[in-house]
Amino acid sequence: MKASQVLVVALVLVSCTFTSARLLEDVNFGQEKFKSHKHHGLTLPPLPSLTLPSCPPPPAPPVYESPPYVSPSPVYESPPYVSPSPVYKSPPSPTYSPSPVYKSPPSPTYSPSPVYKSPPYSPSPVYKSPPAGGY
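Residues -21 to -1, 1 to 114 in mature numbering (1 follows the signal peptide of the UniProt record, and there is no 0) are what the sequence shown lists, from first letter to last.
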């Protein structure tokens, strides 16, 4: 609802409320005045209940149907990729043959050098000093 429609509905409800309150006050005031002026046991039938005028229903808001969404610009779809030049594939060469891997023949004169072995450990003789008192 627009703000102006809300304002109109609120004003109608407030005016109906004040009107009904004023009517109820007048009816109660009249009944109290009548009760206070009773004369010598005369009884009158009670006042018929008043039906208050009902407020008209608020106007129905207009139904607004928005148009379907239309994009401001069409969706861009890129064309499929086309290579600028064909991929070059060289034909196999009929005369090409790979050279064999060269392996040298074992040398008959080669023999590994012998491993040097040191002589077994022998401790040096312990020097003993001559006895004291001497020669």
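Derived from the structure by calculation, the hints contain no laboratory data. Just so you know, even glycine gets a beta-carbon here, dropped at the ideal spot from N, CA and C. A few of these clues could be false.
Here are the simulated distance ranges between beta carbons [to be verified]:
(1) Ser57 <-> Leu(-9): 33 to 41 angstroms
(2) Ala(-1) <-> Val49: 50 to 58 angstroms
(3) Ala(-1) <-> Pro38: 21 to 29 angstroms
(4) Pro47 <-> Ser(-2): 45 to 53 angstroms
(5) Val(-10) <-> Glu44: 23 to 31 angstroms
(6) Gln(-17) <-> Pro51: 24 to 32 angstroms
(7) Pro24 <-> Leu(-11): 21 to 29 angstroms
Here is what the structure says about each hint:
no., hint, verdict
1, Ser57 <-> Leu(-9): 33 to 41 angstroms, "violated (59 angstroms)"
2, Ala(-1) <-> Val49: 50 to 58 angstroms, "holds (52 angstroms)"
3, Ala(-1) <-> Pro38: 21 to 29 angstroms, "holds (23 angstroms)"
4, Pro47 <-> Ser(-2): 45 to 53 angstroms, "holds (46 angstroms)"
5, Val(-10) <-> Glu44: 23 to 31 angstroms, "holds (26 angstroms)"
6, Gln(-17) <-> Pro51: 24 to 32 angstroms, "holds (30 angstroms)"
7, Pro24 <-> Leu(-11): 21 to 29 angstroms, "violated (40 angstroms)"
Going through the hint list in order, the structure does not satisfy hints 1, 7.
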